[in-house]
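Numbering (our numbering), first residue to last: 9 to 270.
Bear in mind the hints are in silico, worked out from the structure with no lab data behind them. For each residue, glycine too, the CB sits at the ideal point set by N, CA and C. Don't take each hint at face value.
Cβ pair distances, simulated, as ranges [said to hold, decoys possible]:
1. 251 / 193: 17 to 25 Å
2. 211 / 263: 31 to 39 Å
3. 20 / 185: 35 to 43 Å
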Amino acid sequence: MQTTALRPRSLRALRTIFALTLREMSTTYGKSALGYIWALLEPVAALALMSVVFSLVMRQPALGTNFPLFFASGYLVFQIYSGVGNKIATAVQFNRPLLEFPAVTAVDAILARFLLNFLTQLLVIYVVLAGIIIIYDLQVHLNLPKILISLAMVGVFTLGVGSINCYLFVAIPSYSTVWAIANRPMFIISGVFFMFDDVPQPFRDILWYNPLVHVVGQMRSGIYASYDADYVSVTYVVGLGLLCLVLGLLLLKRNLRQAMNR
Numbered sequence: 009m010q011t012t013a014l015r016p017r018s019l020r021a022l023r024t025i026f027a028l029t030l031r032e033m034s035t036t037y038g039k040s041a042l043g044y045i046w047a048l049l050e051p052v053a054a055l056a057l058m059s060v061v062f063s064l065v066m067r068q069p070a071l072g073t074n075f076p077l078f079f080a081s082g083y084l085v086f087q088i089y090s091g092v093g094n095k096i097a098t099a100v101q102f103n104r105p106l107l108e109f110p111a112v113t114a115v116d117a118i119l120a121r122f123l124l125n126f127l128t129q130l131l132v133i134y135v136v137l138a139g140i141i142i143i144y145d146l147q148v149h150l151n152l153p154k155i156l157i158s159l160a161m162v163g164v165f166t167l168g169v170g171s172i173n174c175y176l177f178v179a180i181p182s183y184s185t186v187w188a189i190a191n192r193p194m195f196i197i198s199g200v201f202f203m204f205d206d207v208p209q210p211f212r213d214i215l216w217y218n219p220l221v222h223v224v225g226q227m228r229s230g231i232y233a234s235y236d237a238d239y240v241s242v243t244y245v246v247g248l249g250l251l252c253l254v255l256g257l258l259l260l261k262r263n264l265r266q267a268m269n270r
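Could you build all of it, start to finish, from the sequences and the hints given here?
Structure follows, in C-alpha cells:
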C-alpha cells in the first residue's frame, strides 16, 4: 500500500516539475529559437571582449597559448554559478502564485529552474568549446571525466547556495541587494583571469577556501592535459554544496509559508 501510494506522488511531482520547466522555457527564452541563440551569444561576446582586452596587455595567457580557450575554461563554469544560481534564488518569487496550489512546492520550482538552466549552460559550454577548438584549429586532448567532475561540482554547489538564497530572498527582501553587492568580487577572485598556482602566499591559502577556485581548476585540468590541479578538493566543494542544500531545503520546508505571509 505504501509503495502504491508513493508512486502517484512521485508521478505528480515529475509532472509538476515538467510543467514548470515548460513554463520557465517559454517565459525565459520565448517561443522561438532566438532566445536560445541569445543564451549562446552572450558568453561568446564576453569571451571575445576579454580575449581582445587581455591580448593587448599580455603576450600569451597564463596557461596554453590561446586566450579564448583559457578564459572559456574559467568563465563558462563561473557562469553556471552566477546565472543558474540567480535563477534558483528567484524560483519562489517567480512561481509565487503557483505555490498556492497544494500540488506545487518550492522544491518543484527550484528543480525546474535548475534543470532547465543547468542543461542550457551545458549546451553553451559544449558549443563554445567546440567552436573555439575548431576555429583556432587547436590540438586539445580533452579529459571528459575531469570535465564532468567539474560540472558536477559546480552543479551541486550552485544548487545548494541557490536553495538557501531562495528562502532568504523571500524572508529578507533587502538581502537580494546585499547578496548582489557581496557576490561581485567572486568573478575576480575565482581564477577566471589567473591561475591559482601563481597567487603568492599567504593569499593562496586564503583563496583555497573559495569553492569556485576548485571548480575552475578542475575544469582546466580537463581541458589542458599538461595541467595538474593538485590543490582541487572535490570533497570540499561537493560537501559544502550538500550542506547548503540541506540547510536551504529545511528553511524552505519549515519557514517559507510564514515568510511569504509577512
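Honestly, which of those hints from before does the structure not fit? none
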